[in-house]
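Protein chains: 4
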Amino acid sequence: MIYFLSDYSQGAHPVVMEALQRTNLEHTGGYGLDEHCRHASDMIRDLIGDPDADVHMMVGGTPCNVTVIASSLKPYESVVALRSGHAYYHETGAVEATGHRIVTVDGINGKMTPDMIDKALCEYEDEHTPLPRMVYISQPTECASVYSKAELTALSKKCREHDMLFYIDGARLGTALTCRDNDLSINELALLCDAFYIGGTKNGALFGEALVIRNNEMKDHFRFMMKRQCGLLAKGRLIGVQFEALLEGGMDSIYFQMSRHANHLAEKLKTGLSEMNVSFYSDSSTNQIFPLFPEKVVLELEKEFAFYRWAPEKDGYIPIRLVTGWGTQESEVEAFLDNARELLRG
Amino acid sequence: MIYFLSDYSQGAHPVVMEALQRTNLEHTGGYGLDEHCRHASDMIRDLIGDPDADVHMMVGGTPCNVTVIASSLKPYESVVALRSGHAYYHETGAVEATGHRIVTVDGINGKMTPDMIDKALCEYEDEHTPLPRMVYISQPTECASVYSKAELTALSKKCREHDMLFYIDGARLGTALTCRDNDLSINELALLCDAFYIGGTKNGALFGEALVIRNNEMKDHFRFMMKRQCGLLAKGRLIGVQFEALLEGGMDSIYFQMSRHANHLAEKLKTGLSEMNVSFYSDSSTNQIFPLFPEKVVLELEKEFAFYRWAPEKDGYIPIRLVTGWGTQESEVEAFLDNARELLRG
Amino acid sequence: MIYFLSDYSQGAHPVVMEALQRTNLEHTGGYGLDEHCRHASDMIRDLIGDPDADVHMMVGGTPCNVTVIASSLKPYESVVALRSGHAYYHETGAVEATGHRIVTVDGINGKMTPDMIDKALCEYEDEHTPLPRMVYISQPTECASVYSKAELTALSKKCREHDMLFYIDGARLGTALTCRDNDLSINELALLCDAFYIGGTKNGALFGEALVIRNNEMKDHFRFMMKRQCGLLAKGRLIGVQFEALLEGGMDSIYFQMSRHANHLAEKLKTGLSEMNVSFYSDSSTNQIFPLFPEKVVLELEKEFAFYRWAPEKDGYIPIRLVTGWGTQESEVEAFLDNARELLRG
Amino acid sequence: MIYFLSDYSQGAHPVVMEALQRTNLEHTGGYGLDEHCRHASDMIRDLIGDPDADVHMMVGGTPCNVTVIASSLKPYESVVALRSGHAYYHETGAVEATGHRIVTVDGINGKMTPDMIDKALCEYEDEHTPLPRMVYISQPTECASVYSKAELTALSKKCREHDMLFYIDGARLGTALTCRDNDLSINELALLCDAFYIGGTKNGALFGEALVIRNNEMKDHFRFMMKRQCGLLAKGRLIGVQFEALLEGGMDSIYFQMSRHANHLAEKLKTGLSEMNVSFYSDSSTNQIFPLFPEKVVLELEKEFAFYRWAPEKDGYIPIRLVTGWGTQESEVEAFLDNARELLRG
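Chains as they are written, first to last, in this note's numbering: chain A, 1 to 346; chain B, 1001 to 1346; chain C, 2001 to 2346; chain D, 3001 to 3346.
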C-alpha cells in the first residue's frame, strides 16, 4: 500500500529523531522553560525578524487555536472564520467550549476576502450580538490554496480598520511559504498578523507547533492559558528540541526543504494527472491535490493507494484527496501516475 | 408620540396587575415552589393536553433558550438554528457561553425547512465535528411568518429521524396560534416538539415565560440548571400568578385575546398600507409588519410615531418595523394610516 | 400560620405596587435604556456620592454575582470567597459555569478577615494555579453579622495591596446599613469596594437589584455581559421604577425604613428569647436570628410558625432561622415570643 | 549538577526511543486509530483483567483529568478532591474552565478518607448547590503516600453508596504499585474505580498517559470530548508505540522496573538521611521524599544538586523535595548522602 493519506501519517524526519536521541538524557526544567525552547524561540524571532515576539511551544494545532482565541478575546467577543476553516470544521467545537462564537462566512476557493469580514461585521448590532474581534484564517487554506501578499495585506488592513485581531493558522505554513504561487516572505506574513503558528506536526516533526505572538496585548499571562486549555506539555523541551533541529538554517533549513519536497511531489502529481485530462475539485498550490475520478477508477486505485474520498460523487466523479509529505517518495508518485494512466486508458 | 416600537414597551395587562396586587401579601415558598406556579403549570398541562409535561416558570426568553440547550445537550453536541434566529442573532452568544455551537442555516421567509437540517447534518462528519442534536426554531418566526401544520410536522419528522431534539421558541406564541394563517392547535404544536415556551413578556405579562418540557430525557434536574444559568427567580410565584391570570379560560383567555387583538391591528395596518400600494420587506402573518417607505416619508413618520428602521435603504426604500401589542389602540393604527396616506399622496 | 421563612416570601411594599401601576401604560425603550432606569441610577449615584459610578438594573442576585465575576476576571483568574458565601453555597456553581474558580476560605462568625485572603494567596504559585484576583463578601453576611468600618477597611486595604478587586454582595444591604451594630455609611462602603449591589428582592421590591460599579476597569461592555449571562430584562424599566419608588428620600426612604423595621423586629425576637435564656447558633445583627430549641419545642412551634431548621440537632438543640421582613407585623413577633415562652416553661 | 528536580526532567527510557525509531517510517491512521494504539490498549486490558475497558491514549495528565470530568459529569455536578490534589492545585483551573466545581476537602498525609466525602456531601443541599458526583484522588498521592487496599476499598464503597464516580489520577501509578507499602494489584485497583490512568510522562515515556475507563456510562462519545478538550494527538500512535514498548511483560515490564528503580533509590535516600537523624516533612512511600534541613545546609546542597524547596522555613528547617526517576543513578544518591552527611556534621 502506498500512502497519500495525510502529511502526519508517518513519524518524524530523521534529523528530529536524532536530536531527540542526542538530548534524551539531559535534565531540564519542565513546561517549556528550558534552554532548547529558549533557543528555538530565539531562532524563530530571528527568522521572522521580530525580536519582541513571544514564542510558545504548543502541543498541537487545536490547543494553539483554542488558547489564542480564549486568551485574546473577552467573553462577549467572537471570531470570524470560514465555514471550511479548521477551527470551525475539525475541532469539535473546542472554540465554543471556551464560550466564544465562531461567526462563519463562506469562502471562495478556500479563502476569505475583506468583504466577507464586512458581511460578518454587518451582522453585529449592539449588546445583543457578540462583537466580532478576531479574524481566523489558515495559510495555506484547507483546500491547499495560498493567499497572495496582496490578499493577505487587504485582510490585515481590514482587520486593523475595525480593531480586529488577525490570527493565521499555520499548520502547513512551510508549504505555503515555499510553493510556486507564493509571493510572501515569513517576515512579511508576520508583520501582517497579530499571531500565527509554524506547524510541526504536518511538516516532519514528531508533534508540536511553534506559536508566535506579536501583538503585545495578546501576550499577557499566556502561559496560564496554555495550562488551563491543556496545551502545556510537561516535557515541553521536546518541542523546543525539534524546532531547533528543524529550523537550523532558516529558509534553507530541513523544515522548508521538506515543504519544498512535498510541494514538488504534489505538483508532479497534479501535472501528470492534468496531462491525462483529469479535472480537479479545487485549485491547490501546496501539498494537497483533489483530482476527480469516476468511481470505478477510485475503487481500483484504493487497492494500492491510501487516500480519502473528499466529497460525495457528483456528475459521475468523486473528488479524492492526495497528500504528499516529507516522507513521500518520487517513486510513489510515479506509481500513482502510472496506475491512473492505465486505469483511465482502460 | 404613538408607539409601534415593540410589544414589550409597555407594562402588563390590567388583569396581571390586579392579580399581582391581590396576591401581594401572601406568604409562599420561593423559587417557583408555590401554589400559584403549581396551579399555572396545571392549567398549561390542561391547555396542551399533556398531563406529564414539566412546566417551569422562567424569568425571560434568553434564560429559557440557554437553559434548555445547556441542560439537554452533551458538551460535544450542537444546535441547528437559522442565522436570523433569536438565540443566534440577539442573545450575545449566551448559548456559546455554555459551550455549545449554534450551526446556522439560512432561512426562507424566516423559516427553516427539512432540507436545511439535512444540510447541517451533512457538515457533520465524526468526532472532529460537533454532533447536531437539536433544532431550534421560533413560532412565529423573527420576521412574523408562521409555520403551517404541514411545515412543522415535516421538521418534527426530520428531527425524529435523526434523533434530534426539536425546540420551539414561543416568545410570541400567542400571535402565531391566533393569526389568520394559522392551522395549528397548541396541542398539535406541543405534540410535534420536545419542548417549547409560552411567552409572557411580549404578550401582556409584566415579565416571564412558561417553559413546557415534554421529552422525559430533558426533564432531569432541570431546576439545577435553571439556577446555574441565572433563570430561577427568588419570588418565582410572580410568574405563576401572572400565567394563572392570563391563561384562565384556555384559548378564550386574556392571553389569546391579546394576541388576537395585536394580530387584528397589524393586519389592519397591513391592509391599509397595501391599499396605498405600499410594499413589504417580508411576508408577515402576526403582529409585526415591515412596510417599505422612501426615506423622506420615514423621516416624517418618525416625527409622530416610534418604530425601528429594520434594514438599510435599498432601491430608494427603507423597511421599517411596526409592532402592535396588547395595548395598541385602534385609533393609533388609524392615525398611522392617515398619516402615511397623506405623506405618500404628497 | 405565621411566617418567619424568608424576607422574599411576600410580594412588594405597597409603594412599589403603586409605582408599577402608575407607570404601567407608559411606552419606554427596553433593556434598561429608559427614563426610569436612568433616574433611579442618578438617585443611586447621589446616594453614594459617586457621580461616575455605573449603575445597572439586574434581574436578581445570582445574575449580579455571575456577571460581575465573569465580566471582571480574565479566564485564569479566581475569586476568593467564604465557604458559606452565597455565590459559593447557594448558586449551583453558576460562577464556575463561567469558567472561574471560587477559592474558599473558612469564615469566623460569617466574616472574612485579611489573613484569610493571605492564606488564599499563599496557595497561589505561578501559571499552574489560578490567580486570585477578586474578593467576594456579603454585607450583612450569610449569618446576619455585619462588618464594621474597621473590618471592611482592612479587607479593602488588603485587596488593594494585592491588586485584587473587592466586590460586596448586598442582597440585604439595607439591613446592614441600618442595624444597631452598624458604623458605616453607604458612601463609605462604596468607597471601600470596586462594586456592590443594593438588593431589592429581599427588601421589599417585587424583584431586582441595583448593581453599582465604581472601578472603571470593570465598566467596559458590561451590558454585553448582562445579556450573555441572562441578567438583562426586556422590560428593564420595571426595576428602575421600583428603585425610584424605594429610594426616594435617600437614607430616610421607604427602602431603609423597611430595613429598620425588619431589624427592629428581629432584635425584639432576639431580646425576648434571650430573656427566656434561649441561646443562639450564631451572633446576628440584622434581620435573621438563629435560636436553639429542643426538638420537641421546635415541633410545637412548627404547628403555628413557618421557619427553616438551620442545621442538624446537636447536644439536644436544633438551630432554627427566623427572618423578619418589611411585611412582618409586631403582633406576629409577640405571638412567637408568647408561644415560645409557654413551650419553654412547659 | 545532579538532578532530583522531577521525574520528568529527562527524556525517555531507551526502549521507548528505540520503539519510536523502529516505527518511525510506518504509515498509520491518525488520532489514535492505529494498530499500535489498539495493541497497547489490548495489553492494558490484559494487564488489568478487564476485556471491556476502554483505553485512550492521552497527550498528558491535565487533558486526562479534564476530559474525564467534563465528559462524565452533567453541568450541575461537581467533583470532590483534596485541596492538595493535582487537578485542584496544579492545573490552573482547567476543570473549572469546563464549568465544574471542585469541592475541596483537607487530606491527612495527602489522603482522602470516606468521612471527608461525607463532609462534602453534607454541604450539598438541593438545586441551589452543585451535586457532588465524582471523587478524584491520586495514587500515589501528591505527597508520595499510597492508599492501602483497605483505604481504597473504603473510598470505593463510599462512592458507590452515594452513586458517585471514582476516578484515580495515576500520573505516578507505577511507583505506587511497586513500592514497599503497597498491598494492591493493578487488577484490584481497576476493580475499585470507574476510571484511572497509567502515567507515562513521569515514568520513562517521552510523554503520554493511558486512560482506562471501566464504567460503561463514562465511555460514550469519549473521543469527541478528547478532541474538544485538546487531548487528542494527531500522531496518536506515538503514545501507543510507547506503551507497547513500556508494558511488554506486564508487571515485569520496563514500566514497572523503572518504578521499582525509582522507589528503591528514594528509599535509599530516605534511609540514609534518617540515619543522619534528618526529619521529614511528610511520610512518603514512593519516589519523592521531603527531608527537612536548616537553610544553610540547603544553600550548600543547592550548589551541587537541583531540587525544589517545598514550603517556607518553619522552626529553622526548610522542607525540600527530592525526586528519583528512571534515569537516576545509584551514584547520584550516594553523592547526595555523602554531601548531606558532611554538611550536617560540619
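In case anyone wonders, no lab produced these hints; they're calculated from the structure. Don't take each hint at face value.
As the list claims (entries may be wrong) - According to the in silico footprint, chain B covers these stretches of chain C (three or more CB under 8 Å from chain B):
hint	segment
1	2025 to 2031
2	2050 to 2056
3	2292 to 2301
Unchecked claim - Simulated crosslink set (DSS-like; lysine-lysine; CA at most 30 Å straight-line):
hint	chain 1	residue 1	chain 2	residue 2
4	A	157	C	2074
5	C	2303	A	74
6	B	1158	D	3157
7	A	314	A	296
8	D	3296	C	2157
9	D	3268	C	2158
10	D	3157	C	2314
11	C	2296	D	3119
12	D	3158	C	2314
13	A	219	C	2158
14	C	2219	C	2268
15	B	1119	A	296
16	B	1219	B	1270
17	B	1314	A	158
18	C	2219	A	119
19	D	3157	B	1074
20	B	1074	D	3158
21	D	3296	D	3270
22	C	2296	A	158
23	D	3303	B	1158
24	A	157	B	1119
25	A	119	B	1314
To be verified - Distance ranges between label pairs, derived from CB positions:
hint	chain 1	residue 1	chain 2	residue 2	range
26	B	1345	C	2018	44 to 52 Å
27	D	3160	C	2295	28 to 36 Å
28	D	3026	B	1191	39 to 47 Å
29	C	2148	B	1304	56 to 64 Å
30	D	3050	B	1106	46 to 54 Å
31	D	3157	C	2274	55 to 63 Å
32	A	115	C	2220	28 to 36 Å
33	C	2026	B	1025	20 to 28 Å
34	A	220	C	2274	51 to 59 Å
35	A	252	C	2219	46 to 54 Å
36	C	2109	A	50	53 to 61 Å
37	D	3283	A	252	33 to 41 Å
38	C	2220	D	3283	37 to 45 Å
39	D	3276	C	2308	57 to 65 Å
In this text, a Cβ means the ideal position worked out from N, Cα and C, and glycines have one as well.
**Prompt:** Taking only the CA atoms, is the gap from residue 3296 (chain D) to residue 3270 (chain D) under or equal to 30 Å?
**Reply:** Holds, because 20 Å separates the two Cα atoms, which is no more than 30 Å.
**Asked** Counting residues of the segment 2025 to 2031 of chain C that have a beta-carbon nearer than 8 Å to any beta-carbon of chain B, does the count reach 3?
**Response** It holds: at least three residues are needed, and the segment 2025 to 2031 of chain C offers 6 whose Cβ sits within less than 8 Å of chain B.
**Item:** Given pair status - residue 2314 (chain C), residue 3158 (chain D), alpha carbons within 30 Å
**Value:** holds, 24 Å
**Request:** Would you mind confirming whether the straight-line C-alpha gap from residue 3157 (chain D) to residue 2314 (chain C) stays at or under 30 Å?
**Result:** holds, 28 Å
**Message:** For residue 2303 (chain C) and residue 74 (chain A), compute the direct alpha-carbon distance and say whether it is at most 30 Å.
**Reply:** violated, 53 Å
**Prompt:** Does residue 1219 (chain B) pair with residue 1270 (chain B) here, judged by a C-alpha cut-off of 30 Å?
**Reply:** Outside the cut-off at roughly 41 Å; violated.
**Asked** Does 55 to 63 Å hold as the CB distance between residue 3157 (chain D) and residue 2274 (chain C), or does it fail?
**Response** The hint (55 to 63 Å, Cβ to Cβ) is violated, given that residue 3157 (chain D) and residue 2274 (chain C) are roughly 46 Å apart.
**Message:** Between the alpha carbons of residue 119 (chain A) and residue 1314 (chain B), is the straight-line distance 30 Å or under?
**Reply:** holds, 16 Å
**Prompt:** Counting residues of the segment 2050 to 2056 of chain C that have a beta-carbon nearer than 8 Å to any beta-carbon of chain B, does the count reach 3?
**Reply:** violated (count 0)
**Prompt:** Per the hint of 57 to 65 Å, is the separation of the Cβ atoms of residue 3276 (chain D) and residue 2308 (chain C) within bounds?
**Reply:** With a Cβ separation near 59 Å, residue 3276 (chain D) and residue 2308 (chain C) satisfy 57 to 65 Å, so the hint holds.
**Asked** Is 46 to 54 Å right for how far apart the beta carbons of residue 252 (chain A) and residue 2219 (chain C) are?
**Response** Holds, since residue 252 (chain A) and residue 2219 (chain C) (Cβ atoms, about 52 Å apart) stay within the stated range.
**Request:** Please work out if residue 157 (chain A) and residue 1119 (chain B) have their alpha carbons no farther apart than 30 Å.
**Result:** Not OK: residue 157 (chain A) and residue 1119 (chain B) at ~34 Å, beyond 30 Å, violated.
Consistency note: the structure conflicts with the earlier hints numbered 2, 3, 5, 6, 8, 9, 14, 16, 22, 23, 24, 28, 31, 37 and 38.
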